[in-house]
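Quick note, the sequences are listed as chains A and B, same order.
Residue 35 is where the first sequence starts when you use this note's numbering, and the numbers rise one by one after that.
Residue 116 is where the second sequence starts when you use this note's numbering, and the numbers rise one by one after that.
Since the hints were derived computationally from the structure, they do not count as laboratory data.
Hints are not guaranteed to be accurate.
Stated by the list, open to error - PhoX-like, lysine-lysine: derived pairs with alpha carbons at most 25 Å apart:
#1 A:Lys55 with B:Lys397
#2 B:Lys680 with A:Lys55
#3 A:Lys49 with B:Lys345
#4 A:Lys171 with B:Lys512
#5 B:Lys416 with A:Lys55
#6 B:Lys397 with A:Lys49
#7 B:Lys696 with B:Lys630
#8 B:Lys397 with A:Lys61
#9 B:Lys686 with B:Lys629
#10 A:Lys171 with B:Lys630
#11 A:Lys182 with B:Lys686
#12 B:Lys579 with B:Lys696
#13 A:Lys139 with B:Lys680
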Amino acid sequence: MEEIKTSNIVDNILKKYENPKKSDLSKALLDAQNEFGYLNEDILKKISAYIGVSATEAYGFASFYSMYNLEKPGKYIFKICKGTACHIKGAKRLINEIEQYLGIKEGETTPDGLIKLETSSCLGVCALSPVLIINDKTYVRVNSKIVKSLIDEIRAENFNG
Amino acid sequence: MIRIKVGTATCGNAAGAQKVFDKFKELSLNDKDISLEETGCIGMCYVEPIAEVAVSGEKYLYGPVDEKIAELIFQDHVKGGKPVEKYVLSNTSNEYKFNKQRRIVLRNTGVIDPEKIDDYLARDGYNGLKKALAKKPEEVIQIVLDSGLRGRGGAGFPTGMKWKFANSSKNDKKYVICNADEGDPGAFMDRSVLEGDPHSVLEGMLICGYAIGANEGYVYCRAEYPLAIKRLIDAIKQAKERNLIGDNILGSNFSFDIHIKEGAGAFVCGEETALMASVEGKRGMPRLRPPFPAVSGLWTKPTNINNVETFACVGYILSNGAESFNKYGTEKSKGTKVFALAGKINNGGLVEVEMGIPLREVIYDIGGGIKDGKKFKAVQMGGPSGGCIPEHLLDTKVDYESLMATGAIVGSGGMVVLDEDSCMVDVARYFLNFTQNESCGKCAFCRIGTKRMLEILNKICDGKGEESDIADLMDLAAKIKNSSLCALGQTAPNPVLTTLKYFEDEYVAHIKDKKCPAGVCTALINFTINDKCIGCQLCKKVCPVAAISGSAKVKHQIDQDVCIKCGACYKACKISAIDKK
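Could you put the whole structure together from the sequences, leaning on the hints where they help?
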């Protein structure tokens with residue numbers, strides 16, 4: 035059932051692209067990722083067939099660019115900026131402390147599937163560093179205390195409520 | 116009429132500008148005498164969110180503003196006519212803090228509402244395009260050549276020359292690309308221009324299209340900049356409604372369409388041939404030049420690529436003449452340049468200065484000097500392709516040639532200030548880690564050489580450095596520079612080379628003395644408790660690994676074998692009884 039449902043949704047996304055060109059690949063993949071949160075083998079195969087490139091090429095494309103998730107991410111994606119200004123203001127230590135607090139390493143998701151910890155290249159909010167983005171919301175001038183309380187809030191919201 | 120403006124670019128929003136805007140909206144609802152507007156980055160990011168109140172031409176800039184302060188400003192100033200002095204940053208009489216700054220690129224950013232084309236038109240917008248359309252393409256190119264404008268993306272190639280090459284390529288199809296893949300860590304000029312004044316970039320692209328004979332353009336913008344993309348989409352839509360983009364623009368024979376292409380997070384796509392491959396739907400890997408894009412670019416058609424800031428200058432130049440631009444700057448570097456000031460500096464933000472201004476003035480007079488009274492150590496310019504400029508070179512002029520002579524570059528415009536607490540070996544390692552990650556893998560020296568350099572730097576920071584390491588780094592650096600296809604590899608060793616050139620003593624301290632003078636590299640520092648300790652047990656409580664022992668009111672001890680050097684005790688101690696060495 036699940037597979038058929040996925041397949042239908044992908045069909046729906048691809049409708050937008052009449053006479054698909056190779057240059058539509060990036061946007062189609064992004065559309066699918068926005069829908070599913072990540073790209074699995076079935077989705078990649080389906081999109082590549084429609085666009086007219088091999089599945090290998092689509093995979094090669096998706097794995098080249100850091101925007102695409104090839105594994106299912108957590109419900110909340112924490113992106114800690116690793117730009118120069120953030121680095122100078124202690125982003126590395128911040129990442130270490132959050133890793134310890136969550137019990138996972140950068141790039142991993144908590145076993146309950148709630149939080150994925152990522153680092154990001156410069157987010158361009160350098161004057162207010164260090165910077166953290168949770169899903170689409172930007173937090174500036176963060177420290178480990180602030181981030182830990184954000185994690186606590188998320189945990190409370192998702193388990194007690 | 117009272118005007119209230121709130122800066123709602125990414126920095127402002129992240130600091131809470133949207134809440135401030137909503138508060139003003141709620142307060143001014145149904146009040147026809149008040150016009151509430153959004154605007155782009157005002158440039159003073161260190162005091163975001165910023166609001167401007169203008170009562171009969173008298174402008175007051177407030178920051179940082181929160182909902183409570185917004186209410187106060189509304190009651191006392193907007194309604195009561197009395198400015199809330201406590202939160203005033205500047206007013207018309209002391210003319211904001213733009214002294215020493217010269218605003219051409221940022222002429223509208225933070226002034227107009229970027230979502231309203233009429234605001235742009237009211238400030239001479241698209242006047243440059245109108246003037247260009249009345250001239251021959253060759254005349255337009257001559258004006259750009261005369262202006263002395265050079266590429267603002269980093270390389271500094273004369274823009275008019277680039278256009279001339281693209282113009283002379285004969286083909287029925289040509290493209291214009293705007294490179295908005297601002298990937299240098301520490302740089303956010305292009306984002307601010309796109310968010311604050313998107314039409315200036317579109318106008319530059321249109322003029323370029325007319326000059327080289329192209330009828331289609333792409334803006335290649337990082338997907339990490341969602342607000343910039345949204346504003347561009349809106350701006351294109353509005354320009355189409357006014358016949359400023361589309362067929363027979365303003366009644367001429369010139370037609371031009373602009374598309375947006377979102378980048379997907381690969382730094383190397385800032386390189387022009389990689390960028391074009393990415394637009395075509397391929398992995399973004401650079402190729403050998405020649406042929407240059409002007410001859411064979413996007414889908415093998417002649418293509419002209421310029422950076423956001425470069426395009427933002429063009430409309431101004433066409434509208435006001437080449438002289439309005441080339442009267443600023445030095446002999447070889449004309450006009451102004453936008454820099455993103457960040458790091459350990461008091462007034463971080465966006466500044467636009469005349470080319471040739473000494474670095475010292477940018478950092479101390481405009482940037483307000485170093486945070487917390489610390490000592491300046493270096494300024495990092497040009498991101499991973501650039502280098503660190505030490506204090507004794509602070510009087511270096513900010514222009515292409517002078518900066519190049521120091522080993523750094525103007526680059527795209529990131530200026531990250533480092534103070535005495537920054538370790539230069541760690542900074543070099545940071546950039547190598549970045550380039551090593553972002554290398555596309557095509558050239559062996561860039562792919563493997565950067566990895567080997569990073570391993571050496573890791574070794575040094577971990578206290579395992581050997582005397583031969585510095586020579587090995589120099590050797591690898593030279594080989595990577597000579598054997599890489601694109602600028603990513605050719606410039607990747609620069610952060611290491613400049614730190615070695617100016618801060619070799621720090622490398623030596625790491626390698627020989629096994630010490631990190633700035634106290635950054637954890638393997639090389641030890642935390643110890645001195646005699647000031649009163650046995651308050653605070654450090655003992657915060658230690659995550661129970662490395663601290665001692666009973667109440669007795670001097671504590673740190674077990675060095677257990678300590679993970681997290682620094683929690685150091686931060687917790689209120690009486691400086693813990694030494695970090």
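Hints versus structure:
1. A:Lys55 with B:Lys397: With Cα atoms ~12 Å apart, A:Lys55 and B:Lys397 stay inside 25 Å; holds.
2. B:Lys680 with A:Lys55: 54 Å, violated
3. A:Lys49 with B:Lys345: Since the Cα atoms of A:Lys49 and B:Lys345 sit roughly 23 Å apart, the hinted pair holds (cutoff 25 Å).
4. A:Lys171 with B:Lys512: Distance ~39 Å between A:Lys171 and B:Lys512 Cα, so the pair is violated.
5. B:Lys416 with A:Lys55: 17 Å, holds
6. B:Lys397 with A:Lys49: Answer holds: B:Lys397 to A:Lys49 is near 22 Å, not above 25 Å.
7. B:Lys696 with B:Lys630: 8 Å, holds
8. B:Lys397 with A:Lys61: 12 Å, holds
9. B:Lys686 with B:Lys629: Holds, at about 24 Å.
10. A:Lys171 with B:Lys630: Not OK: A:Lys171 and B:Lys630 at ~40 Å, beyond 25 Å, violated.
11. A:Lys182 with B:Lys686: This hinted pair holds, its Cα atoms lying about 17 Å apart.
12. B:Lys579 with B:Lys696: 17 Å, holds
13. A:Lys139 with B:Lys680: 18 Å, holds
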